[in-house]
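Working from the sequences, and respecting the hints, build out all of it.
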Amino acid sequence: MKTLNFDALEPGDTLPPLALAPINRTTLALFAGASNDHNPMHIDLDFAQRGGMPDVFAHGMLSMAYLGRLLTQWVDQRKVRQFNARFAGITHLGHAITCTGEVIEKFEAGGEERVKVEIRTTNQDGEVKILGDAVIAR
Amino acid sequence: MIDRNIIGMAFPPFAITAEAGQLRFFAKAIGETDPVYFDESAARDAGHPTLPLPPTFLFSLELARPPSNWREEAGIELARVLHGEQSFTYRRMAHAGDTLHFDSRVTDVYEKKGGALEFVVMETRVTNQRSEHVADIRKVLVHRNG
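Chains as they are written, first to last, in numbering that gives the first Met the number 0: chain A, 0 to 137; chain B, 0 to 145.
Calculated directly from the structure, the hints in this document are not laboratory data. Using N, Cα and C, we set each Cβ at its ideal position, and we do this for glycine too. Wrong hints could be hidden among the right ones.
[Claimed, not checked] Pairwise CB distance ranges, derived in the manner of DEER restraints:
1. A:Arg49 - B:Met0: 16 to 24 Å
2. B:Pro34 - A:Glu112: 27 to 35 Å
3. A:Phe5 - B:Ala115: 44 to 52 Å
4. A:Gly11 - B:Gly46: 29 to 37 Å
5. A:Gln123 - B:Asn4: 39 to 47 Å
6. B:Arg70 - A:Gly32: 33 to 41 Å
7. A:Leu44 - B:Met92: 33 to 41 Å
8. B:Thr98 - A:Asp12: 34 to 42 Å
9. A:Glu107 - B:Gly46: 40 to 48 Å
10. A:Gly93 - B:Val141: 18 to 26 Å
11. A:Gly32 - B:Ala115: 19 to 27 Å
12. B:His94 - A:Glu112: 31 to 39 Å
13. B:Pro12 - A:Gly11: 41 to 49 Å
14. A:Phe5 - B:Asp2: 43 to 51 Å
[What the hints assert, rightly or not] Derived DSS-like pairs: lysine-lysine, alpha-carbon spacing no greater than 30 Å straight-line:
15. A:Lys1 - B:Lys27
16. B:Lys112 - B:Lys138
17. B:Lys27 - A:Lys128
18. A:Lys105 - B:Lys27
19. A:Lys128 - B:Lys111
20. A:Lys105 - B:Lys112
This is the structure:
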């Protein structure tokens with residue numbers, strides 16, 4: 000079980016980053032099946048082009064699942080109270096996503112000590128794809 | 000234009016049992032390396048009764064709802080939909096074998112950019128087979144009208 004030194008946490012502290020392999024069509028096919036998201040926009044080129052997109056693109060929830068890994072490689076999931084994501088840009092085929100996070104606040108709520116972390120995914124060009132935050136309890 | 004009358008619409012009650020095999024498939028699909036999420040003995044060593052559902056998996060479970068044409072009836076075209084925001088507030092863990100109940104409703108529909116974009120907000124309360132509160136989920140879909 001992961002033990003986080005909660006007392007030592009300070010705003011500005013960063014989470015160990017998580018770097019992913021570039022997204023390819025197999026990534027999307029597997030995630031479609033595993034996540035129950037069978038929306039053809041992510042797996043059927045013909046459908047995506049009829050919808051005005053140049054190609055299929057990654058599920059937002061794939062990147063949010065990567066952010067979930069960023070959190071749970073840092074703290075035990077039982078400490079995660081909230082997990083929020085805003086999908087700011089489309090993650091395309093070939094994008095190599097890196098998940099990063101930073102502690103921004105320590106506070107008390109719900110009768111426990113908590114920290115808020117700001118989290119994001121960026122591609123290999125530094126473009127932000129997801130901006131989010133999470134609340135972690137001691 | 001999306002039918003504003005869907006605001007307040009509740010979806011039929013839906014329950015599904017989380018399966019260990021699908022959790023392992025999900026772990027593989029997201030490149031999970033922490034064995035707690037795909038190896039029962041590692042999960043038990045970490046104090047879980049069995050495989051835990053990873054943080055976003057409740058979203059996937061709800062996608063198994065029986066198909067319905069509420070989107071089409073409301074004027075929502077799948078090819079124009081993007082995922083705008085997603086939030087989870089967790090009350091307790093869920094594990095393989097748990098049956099999760101999804102109580103979902105549309106809580107808002109609004110537009111931006113003079114109607115070029117419309118937003119549909121859906122909120123879900125998730126409880127388990129013991130009627131314990133597991134999580135609250137909020138989803139914002141973006142509909143491109145341009």
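Outcome of range test on Cβ distance (His94 (chain B), Glu112 (chain A); 31 to 39 Å): violated (26 Å)
Distance restraint hint 43 to 51 Å, applied to the beta-carbon atoms of Phe5 (chain A) and Asp2 (chain B): holds (48 Å)
Cβ distance range 19 to 27 Å for Gly32 (chain A) and Ala115 (chain B), holds or violated: Violated, at about 33 Å.
Verdict for Gly93 (chain A), Val141 (chain B) (Cβ pair) under range 18 to 26 Å: Holds - the Cβ-Cβ distance for Gly93 (chain A) and Val141 (chain B), about 23 Å, lies within 18 to 26 Å.
Agreement of Lys1 (chain A) and Lys27 (chain B) with the hint, judged by alpha carbon distance not exceeding 30 Å: The given pair, whose Cα atoms are some 21 Å apart, holds under the 30 Å limit.
Pairwise hint evaluation, Lys128 (chain A) against Lys27 (chain B), where the allowed Cα distance is 30 Å at most: holds (22 Å)
C-beta pair Arg70 (chain B), Gly32 (chain A): status relative to the range 33 to 41 Å that was hinted: violated (22 Å)
CB-CB spacing for Met0 (chain B) and Arg49 (chain A) relative to the 16 to 24 Å hint: For Met0 (chain B) against Arg49 (chain A), whose Cβ atoms are near 21 Å apart, the range 16 to 24 Å holds.
Verdict for Gly11 (chain A), Gly46 (chain B) (Cβ pair) under range 29 to 37 Å: holds (31 Å)
Given hint Lys27 (chain B) paired with Lys105 (chain A) - CA-CA distance at most 30 Å: This hinted pair is violated, its Cα atoms lying about 34 Å apart.
Range agreement (Cβ of Gly46 (chain B) with Cβ of Glu107 (chain A), hint 40 to 48 Å): Roughly 25 Å apart at Cβ, these two residues miss the hinted range, so it is violated.
Proposed proximity, Lys111 (chain B) with Lys128 (chain A) (alpha carbon, max 30 Å): Answer holds: Lys128 (chain A) to Lys111 (chain B) is near 20 Å, not above 30 Å.
Hint violations for this structure: numbers 6, 9, 11, 12, 18 and 20, all remaining hints satisfied.
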